[in-house]
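Using the sequences and the accompanying hints, generate a full structural model.
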Amino acid sequence: MISTLNRLALTLATLATLGLVAAIYLGSRNLGNFDPALVAYLFACIFACFGVVYRYSVWLQRPPTWRYFARGWQLFFSGRAIVYGWEFVKNFFVNFLGQRFIQKRGRDLGRGHLLMAWGCILAFGVTFPLVFGWIHFGLKPGGIDTYEIYTFGFKTMEFPLHTWIATLIFNALNWSAFLVIAGVMLLIRRRLTHAGQIAVQTFEGDWLPLLLLLAISLTGLGISLDYKFMDGKAHQFMAITHAITVILFLVWMPFGKFFHIIQRPAQLGIAIYRKAGEEGPQAVCPHTGQAFTSQLQVGDLKDVTTQLGFDFRRSDGGSHLDYSPQGKRALLATAHLKARQKAGSYFG
Amino acid sequence: MSTSFRTDQEFFLDPQRCIGCHACEMACAECETNGQLPMIHVDYVDRFLSPQTSVQICMHCEDPVCARVCPAVAIEKDEFGIVHSANTARCIACSNCVNACPFGVPRKIEPMDLMMKCNMCYDRTSAGKKPMCATVCPSGALFYGTREEMARRRPNSSPVNTFKFGRETVKTKVNIMMPKGETELVVYE
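Line by line, the protein sequences are chains A and B. For what it's worth, our numbering labels the leading residue of the first sequence as 1, then goes sequentially. For what it's worth, our numbering labels the leading residue of the second sequence as 1, then goes sequentially.
In case anyone wonders, no lab produced these hints; they're calculated from the structure. Hints may be right or wrong, so weigh each one.
List of simulated lysine-lysine pairs, DSSO-like, C-alpha gap at most 27 angstroms [what the hints assert, rightly or not]: (1) B:Lys-171 / A:Lys-342; (2) A:Lys-275 / A:Lys-90; (3) A:Lys-302 / B:Lys-77; (4) A:Lys-257 / B:Lys-77; (5) B:Lys-171 / A:Lys-302.
Structure below.
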């Protein structure tokens, strides 16, 4: 098995994992602020870190992925950092945080995904620092009505108990659970009623992620429900089932659908690439006489297809990739017409 | 995914029979997996020279270039040889597939930042039905059925699924009807 592993990815994943462990050790002040009750979550996070970096590194080594990755950085350091930086920031807010492109794919999908994504972002923002011991809470010395928040061991905030801000902060994970549940419900309805989705959906790729997020949210709410209304009678059950679902999520992250959370920022790099392409020379189709994409992309595609073992060079020195999609379709139709003409009959 | 896909049925394309009526395009928009967007292409081959029209569906390549050049691994071929539209969670809308496909098939749907293409009406074919376009084509440019049926209908043609683009040979799941005895379509030398 070891021989089939990708060595570069293995090295990067190991380094990233060691880096995370060091950051946890230092960030929690030599584990002084680490909460032992969260140790199972911690090991799942460390595993997820290794798996995510390993898969990401393997993914980056694919010729088309590497081309975009390298081009993105090359463009960023090409002396036009302000122009590309603005493109990056614009897309980050509009398409990454606002998810406008998903809104355009369907109303329910857009709303459901936005709710789910923001629920997850909020939950990640709370859970990871807590699990790593980077954030901890404590009563302000000398009283029982003020709470303090410490980040990396430094006091960053204090707030009075029994106020709206305390309710907001203490229930942060509950708010995220409500957002996720609402989003999951919208998406489950879509998966049950949309004929196109039903035709191509799979359990592992489409249903399991939704069910897992639902289970995490419900069991998380169950913990609050238990201590607020059941005097903690079911705490063990709630805590363990919640831990199991969250750990499943983390362990599955490098392998399943949730890996798209890690991949998606690549879209920001594409925005920069597209901007650079628009500013540069355009590729003009020899058939239609019209520009159809950037020369940058056509040139990169020629290199990438060659790396992948394809050879679309023409005997006249050109390439099939110099043609637009419409031009390629016309070439095929023309060749078919000629073959029919040569045979002496247009139909057969 | 469903497993009622009929492996005895194939797609046969005959561009010379296309009369440019766009019925296939209207029918394609009925396909649920497309989100009501037509994925088939009906083109004038060269509008200034002739009224010739041509129709193009996804040829479902055995080694799909679109999938190989996809940086996000968003395009996958299933066990029936269907090359599916981009995985919506992964597609980063780079247009590599659009510009690399030798048949000019995938489309980038700009506002959605998503590549979509013909998936041979998977909502229908996976349930044992024929693709929408093939059910409405009035001229026989698009036919979906068994090889035997096609041989009876077109005794003077041979189905071909090998295409030569210069030095590159592309094999596909979809057949194109060529003069009897031909084994490949040379798009250019």
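Hint by hint, which ones does this structure get wrong, listed from lowest number up?
Violated hints: none; all satisfied.
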